[in-house]
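A.B. asks: As given, the protein sequences belong to chains S and R, one line each in that order. Per the working numbering, the first sequence starts with residue 107, numbered consecutively. Per the working numbering, the second sequence starts with residue 2, numbered consecutively.
Keep in mind that the hints were calculated from the coordinates and are not lab data. From a predicted model like this one, the values you see are computed outputs, not experimental measurements. Fair warning: there could be bad hints in the mix.
[To be verified] Here are some of the chain S residues that sit facing chain R, going by a computed Cβ distance under 8 angstroms:
1. Thr118
2. Ser132
3. Phe135
4. Val138
5. Glu154
6. Val304
7. Thr307
8. Val311
9. Trp331
Ideal Cβ placement from N, Cα and C applies to all residues, glycine included.
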Amino acid sequence: MVSKLNPILVNTLLAFFCGLLLLWFSFAFPGVTQRMVDLSGAVLHTLELPAQELRLLVQATGNWIMERKSLQDRNRELELENLTLRTVLQRATAPTPPPDSAVGMIVARVTLRYPDAWWKEIRIDKGLNQGVMVGAPALSDGFIIGRVVRAGGDYSWVELVTSASFLLAAVVDDTWDLGVINGDDMGNIWLLYTPPEVEFTRGMVVSTALVGDYLPPGIPIGNIWSQGETRDGFMPQKIVSGAHLTQLYNVQILGNGAESAPRIPK
Amino acid sequence: MIASLLVWLLQDFMQVLAMGIMLVPEFFLLVVLYKLISGPLVSVRIAGWIWFAFLGGVLWDLRWAASPGMGGLINVLALVLVYWVWDRTPAGGRSALLFAALASCAHFLSGIARYVAWAVPSQAALRLFAIQQLLAVPVLVGLCMIYAFKVPQTHV
Chain S
107 MVSKLNPILV NTLLAFFCGL LLLWFSFAFP GVTQRMVDLS GAVLHTLELP AQELRLLVQA
167 TGNWIMERKS LQDRNRELEL ENLTLRTVLQ RATAPTPPPD SAVGMIVARV TLRYPDAWWK
227 EIRIDKGLNQ GVMVGAPALS DGFIIGRVVR AGGDYSWVEL VTSASFLLAA VVDDTWDLGV
287 INGDDMGNIW LLYTPPEVEF TRGMVVSTAL VGDYLPPGIP IGNIWSQGET RDGFMPQKIV
347 SGAHLTQLYN VQILGNGAES APRIPK
Chain R
2 MIASLLVWLL QDFMQVLAMG IMLVPEFFLL VVLYKLISGP LVSVRIAGWI WFAFLGGVLW
62 DLRWAASPGM GGLINVLALV LVYWVWDRTP AGGRSALLFA ALASCAHFLS GIARYVAWAV
122 PSQAALRLFA IQQLLAVPVL VGLCMIYAFK VPQTHV
């Protein structure tokens, strides 16, 4: 019995040691771990392709059964067109000459969303090879849902607006008050640093502001929902995103030109 | 082991399909447990399954959890516990029912460990966990039936 148990015990302990070592390694060297994660994702991508296609097929079929698919597509087209027109309009009225590069929308599929980082980031199936640039905004249903923080050849990571580390200059369209969009890792979005004396009402639209280096102004983020508690002389506003952040299957990335989009006053 | 590898891929395939909707049951762990107890309990063979379960868990972590090691540890722990009980059970008592009990315990422990380690405690997460456990039942029943019809003729 002892001779039978020993090799098993030794291998079990070795496996445990390796597991703990890997666990420590993943926390000590997150960059290397991230590369390993990306590598495994890339290796499995081809094998998972049929599942992804099947998933899309099931989704499309479901939409068709509910007679909503065509309406949703049409709505998405109009929103993209609206956004493109808005960007073109901004470029046309910009005081500085517009850049040569054209603003293009890159449609990407969400390939990974960790449960423990559900409100922090997602991975998409488009990367540098498809024109995705770090810093480019990601949209869904015409509303900004995050921005690209890392990009590989055929994949990118998008930090969501609900992430606690996400900071973005924003403006309330109706009052022209500036603030900073910030998440809390729990699905909430806040507009920070808004003055308490201004009366913000529910439904006011919040868009990206002119002060961002990477994001074009005027991209809608969401609507004001309620006021938070006054702190340090400011009253944060709770924002409801216009996009369905809990169900992100496809996103649009503002492609070439996102970094050099013109910044003009409204 | 090739069959277990295919089951790992199938689990991955299903998780891609169900991403954002539900957590796929640990088919890989269940099949590895079945393979472990359905063959002779030889040390070298058991050690092989320990490492196979470990690597399967690590790869799953790399694909879906971003903290490699945890899944491997959970798999190894579940495997060793099941082996420990199975090995100490007299041959006459090694029934499909016992396998069902051990495998469901292992699956439950694996699920609860991942839930505690990664999920933000909420009703939604608990619901996902419950659905994952329920979906494992048909697979467990299937494996038990295979065990009941095939294994006694060859190993008891």
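A.B. asks: Give me the numbers of the hints this structure contradicts, sorted from smallest to largest.
C.D. replies: Result: hints 3, 4, 6, 7, 8, 9 break, sorted rising.
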